[in-house]
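Enquirer: Keeping the supplied structure of chain A fixed, place chain B upon it in accordance with the hints.
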Amino acid sequence: MIRKFCLLLGALALASATAAGCISHHVYGTDGTTVVGPGQPEGAIYTMHGCPDQIIELGNPNDPGTKHWNKYIVVYRIGEGHKILGTIHQSDRFSNIAYLVEDGKVVNGNHIPEGSGSTILMALQDAMHGRVRAGYGGDAGYSGSYGQQGRRGSAITNQNNREMLR
Amino acid sequence: MKKIALISAFLATLTAFSALTSGCISNTRYGTEIIETLTEGSSEGEVIAKHGAPDNIVYLGTPYYNPSNGERGEVDKYLFEYRIGGGSTLLGLFLADDVFKNICYLIDNGRVAGGGFVGEGHGEILLGNDMGVIRTPLGTLDLRFGGFLHPKARAGYGGDGNPNGGAQIYDGK
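Protein sequence lines, in the order shown, are assigned to chains A and B.
Counting in our numbering, the first sequence runs from 1 upward without gaps.
Counting in our numbering, the second sequence runs from 1 upward without gaps.
Because the hints were derived from the structure by calculation, they are not lab data.
Heads up, the beta-carbon is just placed ideally off N, CA and C, and yes, glycines get one too.
Treat the hints with care, since some could be wrong.
Restraint-style ranges between C-beta atoms, simulated for each label pair [to be verified]:
| id | chain 1 | residue 1 | chain 2 | residue 2 | range |
| --- | --- | --- | --- | --- | --- |
| 1 | B | E46 | A | L121 | 53 to 61 Å |
| 2 | B | E46 | A | L100 | 25 to 33 Å |
| 3 | B | L126 | A | L121 | 14 to 22 Å |
| 4 | A | G59 | B | G70 | 25 to 33 Å |
| 5 | B | I25 | A | V107 | 44 to 52 Å |
| 6 | A | V107 | B | E40 | 14 to 22 Å |
| 7 | B | S26 | A | T66 | 43 to 51 Å |
| 8 | B | L138 | A | D31 | 42 to 50 Å |
Calculated cross-link-like contacts (lysine-lysine; reagent style DSS-like; alpha-carbon spacing at most 27 Å) [said to hold, decoys possible]:
| id | chain 1 | residue 1 | chain 2 | residue 2 |
| --- | --- | --- | --- | --- |
| 9 | B | K2 | A | K4 |
| 10 | B | K3 | A | K4 |
| 11 | A | K67 | A | K105 |
| 12 | A | K71 | A | K105 |
| 13 | B | K77 | A | K105 |
| 14 | B | K77 | B | K50 |
| 15 | B | K3 | A | K67 |
| 16 | A | K71 | B | K77 |
Coverage of chain B stretches by chain A, computed from C-beta distances (three or more under 8 Å per stretch; other residues unrestricted) [said to hold, decoys possible]:
| id | stretch |
| --- | --- |
| 17 | 77–88 |
| 18 | 100–107 |
Chain A extracted, bound-state conformation (with noise of 0.2 Å):
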C-alpha cells in the first residue's frame, strides 16, 4: 500500500514539475544582426534592420527653422529564450544594436551581447535578478523619443497573450 502511494506521489510530482511548459524556443528582435559601417546614410539602417525598437534623440534645438532631429540613436533590442520541460531547463540570453545617428550619417554602431542566464529544476524569473530590463518589457527604464509603453513595465502585465510565464 505505501509503495503504492509512493508511486502515486511520485508520478504527480513528476508531472507537476514537467507541466508548467514543455518545449518552446524564440528568438524576438531584428533577424539582420549585421551593422551597418559609420559613415552610411541613415537610411542604410532601416534597409538593414527595419522598424526599430526606440529612437532617443539627442539635444536636438526646437526652433522654426528646424524639421527634423540632427542627433539620435536607434536601438533595436534581440531576446531569446529557451524551454525544456517548464522549469527543468530555462536559458535566455538578449543583445542590442546601437547606432549613433547625426546630420543623416551613421556616426558609428554595434551590435553587442547583453547578458544571459540559465537555470536547472526553477524558473528564470525566480532567479537572482529580474530579468525584465530596459527594452525588453518589464522594466522602467527611459522610454527614450519613441514611445516606448511596449517596451516598459506596461509590458509585462500587457503581454500580448504570450507571457504565459514559467
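Expert: Leaving out everything else, chain B in the frame of chain A:
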C-alpha cells in the same frame, strides 16, 4: 497500480480534450501583403499607394510650436512602419509557432531615403496547452503547459495603433 493507470488515463483524456477544445488548426498572417519595397528616391505617396495604411508613423523631429502667435513648424523626416505577423496552431498549442517581419521606410523631405523588408523573430512551442491547476488530496498538479519565456509585447504588435507604437497599458481591470 490500477489507480495509477486510472489517473494516467484520466490525465491523457484531459490532455486530449484540452488540446481539442482550445483550438484545432489555425493559420494567420496579418499585415500588408505587398512585401516588395520601393527604392530610394520614390515619393512618399508611392509608399502609401503600394503598401496601404501604415501601422505606425514615427516622427524623427519635434514639431515647433509658438503658443504666443500660434506659429507651427513641420517635421520633414519620419518612418513609415508596416508590421507583418502570423502564426499557426495545431491542436491548440500542442504545436504552435509564430513569425514576425516588418517593412520600414525612412521618409526625408517627401522622398524615400531607405527602407527594407526584414525578419523580426520567430517562436515555436511544443506541448503548450494550458490545462490549469488541479488540486488533489495528494498534491497539486500544475498543468499549465508551455508558453514562451519572454513576452512578445514588442513595439508594433498587439497593442499599438497609437503614435508611439507601444503596447496598450494594462489598467488592472
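Enquirer: Name the hints, by number, that the structure is in violation of.
Expert: Violated hint: only 15; rest satisfied.
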